[in-house]
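Trainee: Taken in sequence, the protein lines are chains A, B and C. Under the working numbering, the first residue of the first sequence carries the number 1, and numbering increases by one thereafter. Under the working numbering, the first residue of the second sequence carries the number 1001, and numbering increases by one thereafter. Under the working numbering, the first residue of the third sequence carries the number 2001, and numbering increases by one thereafter.
Misleading hints may appear alongside valid ones.
[As the list claims (entries may be wrong)] Computed list of lysine-lysine pairs in DSS-like fashion (alpha-carbon distance at most 30 Å, straight line):
#1 C:2481 <-> C:2149
#2 B:1484 <-> C:2489
#3 A:98 <-> B:1366
#4 C:2065 <-> C:2150
#5 A:112 <-> B:1197
#6 A:112 <-> C:2054
#7 B:1293 <-> C:2149
#8 B:1443 <-> C:2489
#9 B:1366 <-> C:2149
#10 A:107 <-> B:1155
#11 C:2588 <-> A:106
#12 B:1293 <-> A:49
#13 B:1364 <-> C:2054
#14 C:2588 <-> B:1435
#15 C:2065 <-> B:1056
#16 C:2024 <-> B:1476
#17 B:1293 <-> A:106
#18 B:1293 <-> C:2150
#19 B:1426 <-> C:2149
#20 A:98 <-> B:1056
#21 A:112 <-> B:1155
#22 B:1443 <-> A:98
#23 B:1029 <-> B:1197
#24 C:2065 <-> B:1476
#25 C:2157 <-> B:1435
#26 C:2024 <-> B:1443
#27 C:2371 <-> C:2054
#28 B:1426 <-> C:2065
#29 C:2408 <-> B:1366
#30 A:106 <-> B:1435
#31 B:1364 <-> C:2157
#32 A:21 <-> A:112
[Stated by the list, open to error] Computed list of chain A residues with no C-beta within reach of chain C, every gap over 12 Å:
#33 17
#34 40
#35 68
#36 70
#37 77
#38 94
Hints are computed from structural coordinates only; laboratory data are not their basis. Cβ atoms here follow ideal geometry from the backbone N, Cα and C, with glycine treated the same way.
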Amino acid sequence: MIYYVGSFLLIALGLYAVIIKKNLIKILIGLDLIASGVNLLIISIGYVKGGTAPIFSRAGLKASMMVDPIPQALTLTAIVIDASEMALAVAFVVLLYKYYGTLDIKKIRSLKW
Amino acid sequence: MVNIANPILLVVIPLFFTFLIALSGSFLKSGVKYLPVIAFALNLVVSLALIPEVVKNGMVIATTAGFKPPFAIDMAVDKLGLFLSIIASLLGFVASVYNLFYIDEEPQEKFHALFTLLVAGLTWMIITGDIFNLFVAFEVTSIAAFGLVGFHRDKGAIEAGFKYLVMGSIGGSFLLIGIIMLYAATGTLNIVDIAQKTSHLTFQQKLFPFAMIFTGLGIEGALFPLNAWLPDAHPAAPSSVSSILSGIMTTAAIYAIIRLTNTIFDFNQIYFFLMIFALLTLIFGEVSAFFQKDIKRMLAYSTIGQTGLFFFAFSLNTVNGLQGAFMQMVNHSLSKGMLFLVVGGMIMQVGSRNIDDFAGLGRKMKVSSFFLAIGAFSLMGLPPFFGFWSKLKIIFAALQNANAFLVASVVIILLMSVVEGAYFFKLLQVMFFGKQEKDVAVKEASYGMLFSVVVLGTVLLIISFYPSPVIDFMHKAAAEIINKNYITLALKLGGL
Amino acid sequence: MNILLEIMLATPFIGGLLAFIGGKVHRWVRYAVAVTFSFLTLIEALVYYNATIKGVVWGSLFGSKLVLQTNPISWLFLFIVTAMSFLIVIFSIGDMEEDKIKLDSYYMQLLFVEGAMVGIVLAGDLITFFMFWEIMSWTSYFLIIYGGKKSVAAGYKYIIMSIIGAYSMFIAIAMLYVKAHSLVYADVAATLAHSSATFVVWTVVLLGIGFFVKAAVMPLHTWLPDAHSEAPSPVSPLLSGVLIKMGAYGLFIVLYGFLSVQLAGNIMPSVFSTPILLYIIQWLAALSIVLATFLAIMQEDAKRLLAYSSISQIGYVVLGIATGTSLGVAGGLFHALNHAIFKGLLFLAVGAVIYRTGTRNLSDLGGLVKKMPYTFTALLLGIIALAGVPPLNGFVSKWMIYEALLQKKEVFLLIMAFIGSTGAFLYVYRLIHSIFLGQLPKKYENVKDVPILMQFPIWVLAVLTIVFGIFPGLAMNVIVKGMKLFGFKPIAYTLFGFPQGTAMGALKVINISAVLVVAFVAAWVLFLILSKSRKVSQYDNYAAGQVVTPELKYNYSFGFYMSFGRVIKSILKLGIERIYNYWVDAAKVFGDYYMRRVYTGNLETYNSYIVIVVTIAAVAILLGGKLW
């Protein structure tokens, strides 16, 4: 249960950062928080208390004693996606800083209406 | 004899070419730009080869990795998916031909790789039968799109790209939450398998993942108020990319919503809310488009409006409504894709995106302007173009079981069509009858670019003057979705 | 034989495309193709004289059959469309010059408009009707904006109002479709016969708005004066003479093809033995007649004057059709034909003047009678017809409408119709005087009459005004036969008019004409005998004690009816257009400052939109899927 609460708190924190924070870097941190929260959520869904890794490494191991492997695979995929997204985002931020000379998102609004 | 009617090829071919382009870019140099053309030509062949199979069996299912679903990832192409993947391949092919003449900015190999990846992701999103794959395809598409929007690397492009990225990745996260919630509730990721297991869930249990998925896909699918990235991103992207973004991407996202809503979340209570979303999208899109000075921005807002229109038709939740939605999707994909390509060529010649600078182009770029007029007419829903038939269908469907709210929404739709007519006719009259003040040497776009436009325009004209096959096909597709044939067919063909 | 209907429908479209392609070869190829194909259409139309063909199915859509049909009433309009188009194509060859405007697609659009109108009159179901209606709207839009800079704004107004009207029709069509799943005319009529009064009224009103926009019945007329006056000279007669008749045709089909007077009378209260819906239409038409006449009187621009006159004359057509009696409806339909002829004639004659002088400002013109005698004669015939003076064609149809109103004892409407007719004298006099009489400005001293290609259509129409004036039976033949199909009692007629003892009362145009001619001759003779006047040169005049030199012309054609204008000023101030503009501006401001500003350009705002949506969803989930 605590994992669920934790992950949703992380997501909420990330959303807070994305909405309230003016700094581009902080917005990116917010995005990453959301992503981490989601990843934590996925993992905790597949978690079985006291379970082991889903590998038949020793005799007598039953499937019920293992954690669900699929969420872990999903998380790996999601992490890869997040990483690439974040790399792209940082590249954007660098260029934005070059053009606008600021990291304040309030000032970066040449496109509107 | 290899059976080419295999949906997996639709994804594998462009993915393969993506890596090929990325790897061979350093030594093939400018020759790399021909690779996407080959990739999408192959894709087009494959998707056309799927037609007889789909017509015969109703659906084609391909599995990977030698397991049976739900343990393996599967690709399922039914009638609707087939149609959209044909259009995606066609637009991809046409736009990549266009790119040969359009993109001369470096780094070319990266552009072409991302472009191929974009269309690959979209096709993947359309044909996947696995909900997590949907997420992956969504993210692949998004990342490619983020990069392409910022491709020009000027001030506007970077800003648009960044905003799009932030919103898109939030959307991706929400989509993932929704998917994982479904997994938590059902323990499977296969769409058909989920659909069978969600029946015993309570409404609230289903509503939570639905809300998350809806938000996530709605961001990509340009639903108001989640669409704020779109009017920035579409104009900032190179025109061929705008054509794909506008033509297929929003359509694909809406397609995903339709598929999931109808197959997995089988509830009726939600459609009223969807309708309100659709109407808001329509109103805000069309009204904003009316005030634009920038032609690509205008077209982008018009995309929002069109999305609202076919999302409205979908939210009617009847066979006729869905049929109208699909017809409008086809119409919008072809017309708007074509319009962006035409406009790209014009912007190249004029060197400006301001509508006033397009004055007098109707006399100088006759072929382009002609097809622009056709695309605009089809979007406005003027006969004898395809948009007329789809608008007819949508309005007929909306009044089918009319209550006061539906009548009011029909009035709103038609009012917004008037607004749409107002800005498109403004554009046309500037183009055909305006006087060019600046003396710029404008000539017709190059033959390669015209080729792309003419191909799309011809397809549009063919289905305009001979609409009955498309209409019938769409009717069957809509009936299958409403009647949940997707599930039974998939079960029969081993899609589970 | 029936396949010919489809061929006839296709002919103008094929001709348009061929004219476009042929124009790339040589301009004379283009002209030849345009003339040939418009003539072919006319011939094909003549084949169907008085024929009735029901239900040639040419396709189906959404389970409703697409049908072509024809009957004598359709044929009447078909004749108007094809004949006028043919003449206008010929006139265009003379008038539209290659070096002035690019003519690449002019003839294509001209023929497309013709084809669309042929489609409208041949349509046997509402989808076909609506489809060609929309095609007509946008093709004619492109014709209107051929006229240059000012016409673009006029065309814009035209197309927007057309779209609004069309969508109003669209809702009605969709309502009917949903109810019956078939839009063939007979099925529509059957549906309406079994529907509630509310449904019928809504359907008719919504369809009527569409027709009234096109027919420019007040208060939906505001596009017409601009569009008709700014369009190129050959296009104006097409718009005024033919295109607005489509609205009248549609009204006829709806009122008598779908509904009928009896049915309408059953479901709604009647006033003056007219169902109230028809009565309201009559009043709108009568208001159109009077107000548009006043407005026409005040115009300084020849084509604008004629445009307002068109609103007024179409008012007669609609008034006649809305009376609901055999006589009135026949009068209305006959007037549609007559108006097409004489208004086409007037617009072409004015077009000829514009062609030679380059202006349509009445106060700049004058004294052209010696320079353009043929045009003068034609225009004279036209205005006599328009004013409704025997023996020309406007007389009989107007007389029939008066008679119908009289028989229904609708005195107010009758008075309004009379006012319109009297007012017509004022403006047509103004027209011919300011252009042809008075003193000739020096710059026009070298003006010649127009080339034969332009004179030919003018003369054909001039002859037709006389033919239909003296032989109203020619037209009545078609109209009465057609109206029988729509359940009207046939009215007796002869070739020269109406026999004694019928609904109409005796009317023989030839006798009236003879009397008129005799009276005219007598007056002339008296004038000659009694005249004590001396011959005065036109330039021998003076003003306020000061002799006016020939250079400084004393031309009182500006502000001709100023004092009359003062009298009716309060009426003219009504300004329907201003009301529309006010609402459009208000909507624009609302859209601009309140709606599109949600896209603030601020990423935080955008993100909070997402959060808002999620929050709403969360609330919905917590409330168990219900927000209210």
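Trainee: Would you mind marking each hint as holding or not holding in the structure?
Mentor: Hints, verified against the model:
With a CA separation close to 46 Å, the supplied pair residue 2481 of chain C and residue 2149 of chain C exceeds the 30 Å bound. Note on residue 1484 of chain B and residue 2489 of chain C: the hinted pairing is violated, with a Cα-Cα distance of about 58 Å set against a maximum of 30 Å. Annotation: proposed proximity of residue 98 of chain A to residue 1366 of chain B is violated, straight-line Cα distance about 41 Å (limit 30 Å). The hinted pair formed by residue 2065 of chain C and residue 2150 of chain C fails the criterion: a straight-line CA distance of about 42 Å is larger than 30 Å.
Simply put, residue 112 of chain A and residue 1197 of chain B have alpha-carbon atoms about 45 Å apart, too far for the 30 Å limit, and the pair is violated. At roughly 58 Å between alpha-carbon atoms, residue 112 of chain A and residue 2054 of chain C are farther apart than 30 Å, so this suggested pair is violated. For the suggested pair residue 1293 of chain B and residue 2149 of chain C, the alpha carbons sit about 21 Å apart, so the restraint of at most 30 Å is met. A C-alpha spacing of about 65 Å is found between residue 1443 of chain B and residue 2489 of chain C, which places the hinted pair above 30 Å, so the restraint is violated.
For the given pair, residue 1366 of chain B sits about 20 Å from residue 2149 of chain C by alpha-carbon distance, which is consistent with the 30 Å threshold. Taking the CA atoms of residue 107 of chain A and residue 1155 of chain B, the gap is near 13 Å; set against the 30 Å cutoff, the hint holds. Under the criterion of a C-alpha separation no larger than 30 Å, the hint pairing residue 2588 of chain C with residue 106 of chain A is consistent with the structure, at around 28 Å. Pair hint residue 1293 of chain B plus residue 49 of chain A does not hold up; C-alpha atoms about 60 Å apart against a cutoff of 30 Å.
Pair hint residue 1364 of chain B plus residue 2054 of chain C does not hold up; C-alpha atoms about 47 Å apart against a cutoff of 30 Å. Between residue 2588 of chain C and residue 1435 of chain B, the direct Cα distance comes to roughly 26 Å. Compliance with the 30 Å bound is thereby established for this hinted pair. Of the pairs offered as hints, the one joining residue 2065 of chain C and residue 1056 of chain B holds, with about 29 Å between alpha carbons and a cut-off of 30 Å not exceeded. Between residue 2024 of chain C and residue 1476 of chain B the alpha-carbon distance is near 45 Å, which puts this suggested pair outside the 30 Å criterion.
Proximity of residue 1293 of chain B to residue 106 of chain A is assessed by CA-CA distance (about 24 Å); at most 30 Å being required, the pair is judged to hold. Simply put, residue 1293 of chain B and residue 2150 of chain C have alpha-carbon atoms about 22 Å apart, close enough for the 30 Å limit, and the pair holds. At roughly 14 Å between alpha-carbon atoms, residue 1426 of chain B and residue 2149 of chain C fall within 30 Å of each other, so this suggested pair holds. At most 30 Å may separate the alpha-carbon atoms for a hinted pair to count; residue 98 of chain A and residue 1056 of chain B exceed this at roughly 57 Å.
Note on residue 112 of chain A and residue 1155 of chain B: the hinted pairing holds, with a Cα-Cα distance of about 14 Å set against a maximum of 30 Å. Pair hint residue 1443 of chain B plus residue 98 of chain A does not hold up; C-alpha atoms about 36 Å apart against a cutoff of 30 Å. The straight-line distance between the Cα atoms of residue 1029 of chain B and residue 1197 of chain B is roughly 52 Å, outside the 30 Å bound, and the hint therefore fails. With a CA separation close to 20 Å, the supplied pair residue 2065 of chain C and residue 1476 of chain B stays within the 30 Å bound.
Using a Cα cut-off of 30 Å, the hinted pair residue 2157 of chain C and residue 1435 of chain B holds, with the two alpha carbons roughly 20 Å apart. Between residue 2024 of chain C and residue 1443 of chain B, the direct Cα distance comes to roughly 19 Å. Compliance with the 30 Å bound is thereby established for this hinted pair. At roughly 52 Å between alpha-carbon atoms, residue 2371 of chain C and residue 2054 of chain C are farther apart than 30 Å, so this suggested pair is violated. At most 30 Å may separate the alpha-carbon atoms for a hinted pair to count; residue 1426 of chain B and residue 2065 of chain C exceed this at roughly 35 Å.
Proposed proximity of residue 2408 of chain C and residue 1366 of chain B is contradicted: the alpha carbons are some 58 Å apart, above 30 Å. Taking the CA atoms of residue 106 of chain A and residue 1435 of chain B, the gap is near 40 Å; set against the 30 Å cutoff, the hint is violated. This hinted pair checks out: residue 1364 of chain B and residue 2157 of chain C have alpha carbons roughly 26 Å apart, not beyond 30 Å. Of the supplied pair hints, the one linking residue 21 of chain A and residue 112 of chain A holds, its CA atoms being roughly 20 Å apart against a limit of 30 Å.
Listed as a non-interface residue, residue 17 of chain A fails to keep its Cβ farther than 12 Å from every Cβ of chain C; the least gap is roughly 10 Å. Look at residue 40 of chain A: its CB is around 18 Å from the nearest CB on chain C, clear of 12 Å, so calling it non-interface holds up. Against chain C, the non-interface label of residue 68 of chain A holds: every CB pair exceeds 12 Å, the least being about 25 Å. No beta-carbon of chain C is positioned within 12 Å of the beta-carbon of residue 70 of chain A; the least distance is around 25 Å.
With a cut of 12 Å on Cβ distances, residue 77 of chain A stays outside the contact zone with chain C, its closest approach being about 23 Å. Even its closest Cβ contact with chain C, about 17 Å, leaves residue 94 of chain A beyond 12 Å, as expected for a residue assigned away from the interface.
Of the numbered hints given earlier, the model fails hints 1, 2, 3, 4, 5, 6, 8, 12, 13, 16, 20, 22, 23, 27, 28, 29, 30, 33; all others are met.
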